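> Residue numbers (my numbering), protein chains in the order written: chain A, 1 to 251; chain B, 1 to 320.
Hints are not guaranteed to be accurate.
Stated by the list, open to error - Label pairs and their computed distance ranges (CB to CB): (1) A:159 to B:277: 52 to 60 Å; (2) B:263 to A:162: 39 to 47 Å; (3) B:242 to A:165: 48 to 56 Å; (4) B:61 to A:22: 44 to 52 Å; (5) A:195 to B:61: 50 to 58 Å; (6) A:4 to B:168: 31 to 39 Å.
Said to hold, decoys possible - Within a straight-line C-alpha distance of at most 27 Å, the following computed BS3-like cross-link-like pairs (lysine-lysine) qualify: (7) A:82 to B:112; (8) A:82 to B:138; (9) B:226 to A:82; (10) B:112 to A:161.
Derived by calculation from the structure, the hints in this document are not laboratory data. Being a predicted model, the structure only gives us computed values, none of them experimental. Glycine included, each C-beta is placed from N, C-alpha and C at the ideal position.
Residues per chain, in single letters:
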Amino acid sequence: MTAVLGETWVLARRELTHWRQQPAGVIVNWLFTVMIALMFGGLFGGAIGADYFDYLMPGMFALAMFFGVEATMTAVSTDAAKGVTDRFRSLPINSASVVLGRCLADLMNSAVGLAVLVGAAAALGWRWHEGPGRALTAFGLLLLLRFALLWVGIFLGLVVKGPESVTMVQILVWPVGFLSGVFVDPATMPSWLGTIAQWNPLSATAAASRELFGNPGLVPDHALLLAVLWPLLLTAVFLPLSVHRHRRLGS
Amino acid sequence: MAELAISADGVRKTYRGAQTPALDGFDLQVPRGTVCGLLGPNGAGKTTAVRILATLMRLDAGRALVAGHDVTTRAAQVRQRIGLVGQYTAVDEILSGRQNLVLFGRLNHLGKARAATRADALLERFGLAEAGGKPVAKYSGGMRRRLDLATSLIVSPEVLFVDEPTTGLDPQGRQEVWSALRELVAGGTTILLTTQYLEEADQLAGRIAMLWHGRVVSEGTPDELKAAIGDDWIDLAFADAEQACRALPAVALHADGEPRFEQHRISVPVRQRTRALIAISTALAAEGIEPVEVNLRRPTLDEVFLDLHRKQGDKQEVAA
Chain A
1 MTAVLGETWV LARRELTHWR QQPAGVIVNW LFTVMIALMF GGLFGGAIGA DYFDYLMPGM
61 FALAMFFGVE ATMTAVSTDA AKGVTDRFRS LPINSASVVL GRCLADLMNS AVGLAVLVGA
121 AAALGWRWHE GPGRALTAFG LLLLLRFALL WVGIFLGLVV KGPESVTMVQ ILVWPVGFLS
181 GVFVDPATMP SWLGTIAQWN PLSATAAASR ELFGNPGLVP DHALLLAVLW PLLLTAVFLP
241 LSVHRHRRLG S
Chain B
1 MAELAISADG VRKTYRGAQT PALDGFDLQV PRGTVCGLLG PNGAGKTTAV RILATLMRLD
61 AGRALVAGHD VTTRAAQVRQ RIGLVGQYTA VDEILSGRQN LVLFGRLNHL GKARAATRAD
121 ALLERFGLAE AGGKPVAKYS GGMRRRLDLA TSLIVSPEVL FVDEPTTGLD PQGRQEVWSA
181 LRELVAGGTT ILLTTQYLEE ADQLAGRIAM LWHGRVVSEG TPDELKAAIG DDWIDLAFAD
241 AEQACRALPA VALHADGEPR FEQHRISVPV RQRTRALIAI STALAAEGIE PVEVNLRRPT
301 LDEVFLDLHR KQGDKQEVAA
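Using the sequences plus the hints, can you model the full thing?
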């Protein structure tokens, strides 16, 4: 067990070294969501309503977690295509360490990204109103969503043929992001689209965060419960799938 | 009997959805401390064999032992004793050469200080000391391959698998990798080297096993193999098919085997190269035929394998 922890840390550290080697790429990634928040909050806020920025930010936090799928998938498929995954597999290490190292590194990355976005939002006037305890719970839920999406990213990274296919996912994250309660209330959408958006896991986390932060927006029933259940369900589906895919590398 | 570092016995592997097996009764014995060249054309099963022996892939049938341990049932023990240099450079391109070596040292359970000293020693040994701090993305092909080799030698492995080490390298990169491998060979590491080039196997390996359609069809020292490879070939091209037709009897007369005839081209195997060349030229001159092209060459690997296959088929027929 201690061996697994040590190996996991060594592998997660590799990602941290990547940040140091290529700081520009990582920082641009963190600032990307800030830019999106500024674009929508600043450009659309005037048309939508004065408190739109407060409504938008919890959604943006959830969207930032969702963007992580792409990062995880790129890293996993690059390692597989370059043969680095094979080299790891030929080493006397536990195969769980490789996956856990990826988890730890990507969670750290997303946590920093979230902190940057929260900092930027706070600088522009966004606040939480229900106390630090509930705010921390909201951040916990956001990272829980990111944890669940890790497995989606790992699975996709192992399924696709090389990092080139990542472009497709990069395009697909947008409709999935928009078809949710991230930017606007699904109730304002055409009814069938609204229903889909309502069921989007991003909507659950966004709505629960709004409630916990005390930000405006109609919060549907059971928002908190759904924000816990959705990530658990995603994990329950994609964790075994990822493990299965990883095993199949050898068949 | 010398102790075997690698022993494969009737290994079979068919990929999901494939019509023909990638390995079809693969047998190989490599004694400890020797270098075996696994020579074969593209698609012969070389990489599949290496991946199975390095525990990256499961075999369907048969048995394989590496460093005394079964690759199927004791994969973890095998992994502690092998190094793998895959067909593509498997190093982290964002990290520097040194950071790569430290990373893989740590993953081989070396302590921090030990991993660092080992990294420096290996950089020195493979002529990468100066470039050690640069990101691998800036390395040349030959440098990457050498770093790849260094990475698999962090903990001196009992058995080293090297899969097509010079494919895609320029001549200088090839020389660099060869001299690095030669040093290892001198150090007594057991190496299984796969290659498409007879010259490469000849340069580095003490014994060569020829792989064709997932099966070892011939095995021996480079000299034995070269003898078995047989004759040189003379390729002749004529202005048109009709001229070639007229030339055929004269050419066939001086050939040491069946001529191959295709439109305006004739290829014949010859044993005594210069004598045959003179004889054929003289005969053609006497007929008043002027070939547009005359070429004397060693057989291609494909011809060697086809030839081996035919001889084997003959043997089997005789046996049956």
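> Check the structure against each numbered hint from earlier and tell me which ones fail, lowest number first.
9, 10
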